[in-house]
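Asks: For reference, the chains in residue letters:
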Amino acid sequence: MHIFSLIKRWFEIPIHHKTLFWGFVRNEIKGRFAGSIGGVLWSLLTPLANLLIYVFVFSIIFKIRMKPMETGTDSFVVYFLTGLLPWTAFSEALSGATDALLSRANLITKVAFPLEILPLSGVIVPFLLNGLGFVMFLVYLIFKGYFNMAWMWLPLVVVTHMVFTLGMVCLIGSLSVFLRDIKQFIGTALSLWFFLTPIIYPLSMVPEKLRWVIKLNPMYPFIELYHQVLLHHFISFTMLAYALGLTLFCFVGSVLFFERSKYAFADVL
Amino acid sequence: MHLNAIEARNLTKNYQVYLRPFDRLKEAVLRKPCHDLVEALTDVSFDVPEGGTLGIIGENGAGKSTLLKILAGTARPTSGGMVKRGRLAALLELGSGFHPEFSGRQNIYLNAALLGLKEKEIRDREEAIIAFSELENAIDRPVKTYSSGMYVRLAFSIATSVDPQILIIDEALSVGDQRFQQKCVDRMMNFRKADKTLIICTHSMYMINELCSHTLWLKNGQPCGYGKTPSVVSSYLAYLEEDVSASVNASPASAESHMPDILIEEVRLLDEGKNPVAHIHQFQTITVQVKTRRVGKPIMGHLAVGFGFSDEVQVFETTTKMSGLDPILFSGEQTIELVIPSIPILGGNYLVRVRVGDEHAMREIDRMTHGPFVIESDHPEIGMMWMPHSWNVP
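Listed in order, the protein sequences are those of chains P and B.
Under my numbering, the first residue of the first sequence is numbered 1022, with each subsequent residue one higher.
Under my numbering, the first residue of the second sequence is numbered 21, with each subsequent residue one higher.
No lab work stands behind these hints, which were simulated from the structure alone.
Predicted, not measured: the structure shown is a model, and the values here were computed from it.
Note that CB positions come from ideal geometry on N, CA and C, so glycine has one too.
Treat the hints with care, since some could be wrong.
Unchecked claim - Computed, partial: chain P to chain B, Cβ under 10 Å:
hint	residue
1	1042
2	1080
3	1131
4	1286
5	1287
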């Protein structure tokens, strides 16, 4: 019972503390682009630049060819973007997580407010910003004739992905308060993680002996679900169950950890 | 039945201090203690009734801030517990949570939401907050362009407009210019009149005396005195004197160069014939004559006269307010006299300290120290004053 009310609390906070929650989200977004002329445009330009680099290296130089049988598309750009956009939201959330609590030490020690707001807004913001690019990508896919009824699974995939991200942010955020080293290696860890996830290559290109490594990667089911739903137009329930199970495990574990450690934040910060 | 707004029971807070961050990890993994224990607060209990006022005093590092953090809910006590009734707002630090890139108006919304207000409540109060902070012209500018005074004014306006049942203030008023400080004091007075609960932590005994009915004195994290303000404050001051006597000369000399609102122009000691004197006989009638000058429109205030060895060690001080007089209306040049029919102070060198304060006798406007003057006593007794006495011996 205790655990259920704990989980419920996380989903109720954005509703009960609406002003505060959206205030933080707005702060975060506006603060990120404050003083820059490009503003929100930068959240589109950065993935675009990444896209060009990877397309140049992998599609033009290494000449990776997509087999539509396996990937659902013959375009490297389409395949790559399907995985890249969700990944970017995840990795931005995670690299921001180390600072989510640390950078607000002053607030946490001086003002009593629901701390859950901090990881929550830390997840919403990158999803909103990358959501912009994602929606544009979806429109592009519709033009190219990729639309299919299987897309109705997309909201479920996105929400599961977000809750999983929330769990990770929560864990990394509260761990960073005690172990400041996390901040130093999270960047390296994320780039390693990126290459271990089938985003720039389809799983079929991985030697069969090594595929289990990729499959153990917790991001694998989420990226694969995006690929399946958007390009392949089907959903594998094994994959969905894998993703849901991971999400449940990660979220519940992190919430419990956060709950136990949050009272120590003010002492440590 | 009168409920308590706050009931604190045996609050204790220990901090585990790790020399290296690695020790924390080592302890978590090996389950072997690798820290030093710092007892910030030990066994503190008190009640604050609804509408009551509690002052918290003590030296630096006595645990005042820790106690306030626990009361505000940002820190958890290691042991002990407490009950709170009603909405609580804490001003532990003015302006924490301001985003420098945002305008004052946008910061009002986020900051008030942090203190627990709903969107609609904030909208209703927005104008009042801006008006009180006197930032009408700057409210749509980013707060990073504000001066520190403007910053603090906005923060104080937001925090007090939340209209909490319990307000906790930590040294918040030591900022802003004098006129704004006055506004803050007025607002706290109204707050008290409205039967709200107030908890103040400050080094200003003046403020404690005026605003708080009860006072808690913390020393090294332990309650050293708790009760009605006058007795706790005087024992605290007595304790400080023992400590401070060495550094008496390092008193906080008012370095303000600007002209005070009410100026004390002259202080004179007069004898029965109204002649100035520097030597006084014990039990003589003396008059302390104070000449004040107010430039500008008349304002209300109170006057304090004290006798002492120095600014810190007072033998006796009285104010017009303590004597039950209404505030004096200062305008132009005036003369105020305090008559002491028979001065019981024992022989020695003394100073007369005269201070003029605002209408609540809270904020000091000007002060002047006169002297030293000499009291000559025919009595051989020791101490500061002579008391009538008789012996019964076997």
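Asks: Give a verdict on every hint.
Replies: Outcome of the hint check:
1. 1042: Holds, because the Cβ-Cβ distance from residue 1042 of chain P to chain B comes to roughly 9 Å (cut-off 10 Å).
2. 1080: violated, 40 Å
3. 1131: holds, 4 Å
4. 1286: Since the shortest Cβ distance to chain B is 9 Å, the answer is holds.
5. 1287: It holds, given that the least Cβ distance between residue 1287 of chain P and chain B is near 5 Å, below 10 Å.
Going down the numbered hints, you'll see the structure goes against just number 2.
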